[in-house]
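Participant: As a plain string of letters, each chain reads:
There are 4 protein chains.
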Amino acid sequence: MSSEQKFRIGILGASGYTGADLVRLLVAHPNVEIVLMTAERKAGQPISAIFPHLAAYDLPDLISIDEVEWPAIDIDVVFCALPHATSQQVIMGLMHETKHSLLDELVVETQADLAGQAKADIKIIDLSADFRLRDVGTYAEWYGREHTAQSVQPKAVYGLTEFYREELKQAQLVACPGCYPTAALLALVPLLKAGLISTNDIIIDAKSGVSGAGRSLKEQNLFVEVAEAMHPYGLGAHRHMPEIEQELAVAAGEDVSISFTPHLVPMNRGELETIYVRLSEGQTAADLKQQLIETYANEQFVTVLEGTAAPATRMVRGSNRCVVNVFEDRQADRAIVVAAIDNLVKGSSGQAVQNMNLMLGLDEGTGLQQAPMFP
Amino acid sequence: MSSEQKFRIGILGASGYTGADLVRLLVAHPNVEIVLMTAERKAGQPISAIFPHLAAYDLPDLISIDEVEWPAIDIDVVFCALPHATSQQVIMGLMHETKHSLLDELVVETQADLAGQAKADIKIIDLSADFRLRDVGTYAEWYGREHTAQSVQPKAVYGLTEFYREELKQAQLVACPGCYPTAALLALVPLLKAGLISTNDIIIDAKSGVSGAGRSLKEQNLFVEVAEAMHPYGLGAHRHMPEIEQELAVAAGEDVSISFTPHLVPMNRGELETIYVRLSEGQTAADLKQQLIETYANEQFVTVLEGTAAPATRMVRGSNRCVVNVFEDRQADRAIVVAAIDNLVKGSSGQAVQNMNLMLGLDEGTGLQQAPMFP
Amino acid sequence: MSSEQKFRIGILGASGYTGADLVRLLVAHPNVEIVLMTAERKAGQPISAIFPHLAAYDLPDLISIDEVEWPAIDIDVVFCALPHATSQQVIMGLMHETKHSLLDELVVETQADLAGQAKADIKIIDLSADFRLRDVGTYAEWYGREHTAQSVQPKAVYGLTEFYREELKQAQLVACPGCYPTAALLALVPLLKAGLISTNDIIIDAKSGVSGAGRSLKEQNLFVEVAEAMHPYGLGAHRHMPEIEQELAVAAGEDVSISFTPHLVPMNRGELETIYVRLSEGQTAADLKQQLIETYANEQFVTVLEGTAAPATRMVRGSNRCVVNVFEDRQADRAIVVAAIDNLVKGSSGQAVQNMNLMLGLDEGTGLQQAPMFP
Amino acid sequence: MSSEQKFRIGILGASGYTGADLVRLLVAHPNVEIVLMTAERKAGQPISAIFPHLAAYDLPDLISIDEVEWPAIDIDVVFCALPHATSQQVIMGLMHETKHSLLDELVVETQADLAGQAKADIKIIDLSADFRLRDVGTYAEWYGREHTAQSVQPKAVYGLTEFYREELKQAQLVACPGCYPTAALLALVPLLKAGLISTNDIIIDAKSGVSGAGRSLKEQNLFVEVAEAMHPYGLGAHRHMPEIEQELAVAAGEDVSISFTPHLVPMNRGELETIYVRLSEGQTAADLKQQLIETYANEQFVTVLEGTAAPATRMVRGSNRCVVNVFEDRQADRAIVVAAIDNLVKGSSGQAVQNMNLMLGLDEGTGLQQAPMFP
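Protein chains in written order, with the numbering used here: chain A, 155 to 529; chain B, 155 to 529; chain C, 155 to 529; chain D, 155 to 529.
Take these hints with a grain of salt, some might be off.
For identical chains, the list gives no copy identity; a pair is met inside one copy or between any two copies.
[To be verified] With a straight-line cut-off of 30 Å between C-alpha atoms, the simulated DSS-like cross-links for lysine-lysine are: (1) K347 x K323; (2) K323 x K273; (3) K309 x K372; (4) K196 x K323; (5) K443 x K196.
What the hints contain is simulated information worked out from the structure, not anything from laboratory work.
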């Protein structure tokens, strides 16, 4: 494909941190061109007004979703970085599905327009949680509202690239994993698939940088509240828990119940998960490590560290990489698996671009070769 | 005691962060006066040269331990904030014990002088790890060297104030707990004493600010290595592990084996431990919480938070406080106990002063009423 | 005064960072008792709900100003940490002044009640900017609104303690300086008084921690926006500029025009000002330093550093101290004066307490002896 | 040039932060290949041992300079990120110059080998300060030692790309500017060239992230010393001062004397300079801005911000960009120029790569298109 024939990209909800990182990655991608960026509250503003660091790039001004002239703009791929719940309605329209009765207020007018006008085979990459849970009942339980795009849900492919590669190549709609699930699943799926660990004794202690909380105005995200401090949150009830369990169950072939506790750490980017597992009869930490080495031998973005090197977020900062390692626990029947990613890249925008590459038939790593930024 | 009769305090090893925080607390203490501060490599310097923030206080210049004229200086209480292993020899001398054959090089000349000259009933508060482990074999195993003050070890009282109060009042030598053990024990000892949790399924995921690593020049403690990043260390083999197990075993009345993983967090102060426990038959998270509430009902420095408030390091920064809470896990037979302390205060210098107060017959909280500093 | 006869303190606007630091200082003050805390939006909540780190203290619940029963509560001293402009109306009432026609909406009902009911000789310490500018025209110019308590303005004493000590002892109403003015004035007033520097070539480059921006929800104060970054703001037009000029003019006996540029630094606390001055004919940097040494020889909270030690914010963190030093510039007719304070303490709450002590006839340093917290 | 014919790159001194950022940029550069990396103290180690974040890249192991087999390795371009003073000797050899009598101990054996063996037309890009000062007397004055490569000095081109482009295309040896000079010169050179500002009243207040201090083990660079704090250093005597003055004098056509004060800020990357200038007769801040706009109209890496947007380090983090703007001062005859760069990129490794591109006849921006990383 020549540079005159770049794929045309739209970003819905471009004013958040996920949107910013999508732009950072896509402006360096040789095969795509950003032609649409929406943001409801900041519609009408140039991107430089909300992200001055992007001022030097030739990017479209922000508009509201209502203002999109879909036929004219001729989008090939749309990234949805919209708030949870809003995505369902917008994507209903994009998928040309019959309108659901429970329309989200924000997009009520938008749907009809969208439904008939977007390109029929538009690729949709959703970064929200709206299509991650296969079971709409589980969605309703954890998100406190009915799923409003139930007819679309079965068409969504879960975007954990390393494990859904073939499905992703055929997908029209991809539900990108949450940041916590991404690190947890890369660490655990191979172990459960191979039956190396117990399915009912998995404890995930997760730590995340603050960008994961988004750009919304909440007191708890102010610099002064976060700096020089740390604390857990969502104890016993974080929404990423059912998502992790869903995919672990797929891997294990049986139900898996986890303990999951996230913590907020005073850094912008980075996510570390320290995972305590019980070994299956006869297994050792070395067996677990060997399984990960084999699983990821040909993966360009997942690295099993050598020896006893501890994964650290600074090893992946700004990159699409995941580093992982396995450690013996002092308790003979236990092991510790540690994984680190950049929550905004492999945990969000980077994995979304990785999926886009697959959907478009491009080399999977195109535009994702940035080395980690340390310092 | 009138202000003319303040207790005379010496700090051995005053140039580290623990020393700095001891000074911060002691200059505000109404019943004591710092009359001696030692630092080997920085001997001869005024305190303002190494801790400019203390320049406004009337403090003695730093000298080496060799230079101390014990009879003349007439110390009532000595804090040992010396490197691990050095403490044993110095304290041997202070305790008037026969010299051990394996003398640390640094202090070989010092011992003889010390032995005969310090006040016979001098109170000694050791902040190193040298006397924390009751079993000298365990010490040798974890610290990679023979214990060189084995005759003194049995005289040391473990300085976890809330649980050794009566012994501390009588002690001549106190071995202050490590920072990680302090938080872990305050969270777990009451639960094990009451038999509410399993003794063989305790997972402690600990996070600490960087001051815990001390002021020594190591690449891994440089700002650029630590900022905007986090990682685990000492996986499966941290020296605080046997110390925690020792005291948990005392509480449980049987051996306890834990999994313990510390992490380095980009903040100066603060320590948070997220502890995953298995409930004893018939117990609930609420039972655990009730036990902590009852245990600490009359403790001024340990607070069980109300409702589902999550302990955060910013709640205790700069203070001698510990905040703790218990949470239901999604797995019915598990609970999560979270504790936060300031590693330099309750985890080190503050608890040392708290112990000093007991040893001197003062009110336990004297000089320790600083409110946490937030922001 | 016995502990039964503590002065009764009210804090209006207690939910911000200034309020938190006032509480931190006042709970450790031996002669006062906090009996009233107001916060409009958080009225009805216990202090532990908004400042969990203060949960262990016996403090009144937050109420709205309207709810204060002034006669019953019998306040001796009120600290006003209210938003700028609100203070004027509240203080009008407290001072029993006739109501002004332009009432702030928030307090319209409150005024009448206040006016007649508070203790006639109540001491008022305002931490807002509302009474700092002697000239109400200058106020209107810089704050974009008419001063609504013009009859009260002349009664306000400017609370730069070291230079208004005698007036403060007699004052009923004190207008505490802004944080930037405090550092600038402590550095420059003695030099201008003595005629050692030019009045028309003063450049103040100021750097502040984020707590100075308050706890309000603004995107620019989110952790992710501030961390790992810095930038100037209010270029050429910051409101602290006329305040600094006002007091420098008093010192110089003539108009002084400054250049002042503040910067936001990724830290919670601390303020550093690097001030570039032109020397008067025949003067040297050493002369300037000597002048500062003499001025502050007997001041407990202002320290002129020795030699070429550079003031650093870590030298004053959490304390009421100011450190200052003078440096030769490479340009012979110039010198550089550097001052550091903790913006929340000497730059706000600490200086307010220092002033309170004077107003109440207490020793000026009572309750302000906290050593700086480093680490 | 096909990918089989990539230029062969050597990095001398690859174990520091500058080396790490060079690698980050060069592994993404389409026309080069890193074939040599040296580090004296860490010789023999794989790069993953000292920079685990680079483990996924195919890079040569670290060796000492002595071990380099120059004929065999066939380097086209060598980057010298060696300590100041070491560079002179190594580059003497590379340039085939007669040995100087004052050989640096470290490299004494190396020189003879180097001198005769490296490719005759090898391109040398020095990131140290060793060849920045044209006058070897000035070098001796500020660096406290004689220049030991005086015959080479005249051949060095000062690598401020935007102003020495033509010379750089012909250069064999480039002396890359210091980080502080880069930002200062980009802001000031156009103004002095056009005579818009006074040559004797320039005050540069600079703020830098900690990576500028390098990876050496100094107490002042420990996390705990730097975090939550800031301070100035090198007051009146920083070594970047004569370098800035040298280039400003070239621009002005007369001697220029500046006041320059750097500050350390708790962040990894980023440099901000707030520059106070006096306007020439009849000039305004708008005139200055217009001059910058015209100068940089066609520059891809220097952006003059619109309106009153304040340059911020987060706008350039991780990128080769510089953002600059001009502000009116309140004093009519003054203006404030603010520039921000990433000290490791445009201030060091990025500008070095930009220069390499010119020296090799490549497009100047090749491999430097990374968008700034925010968050």
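Participant: Hints numbered earlier in the text: which of these fail when held up against the supplied structure?
Facilitator: 3 and 4
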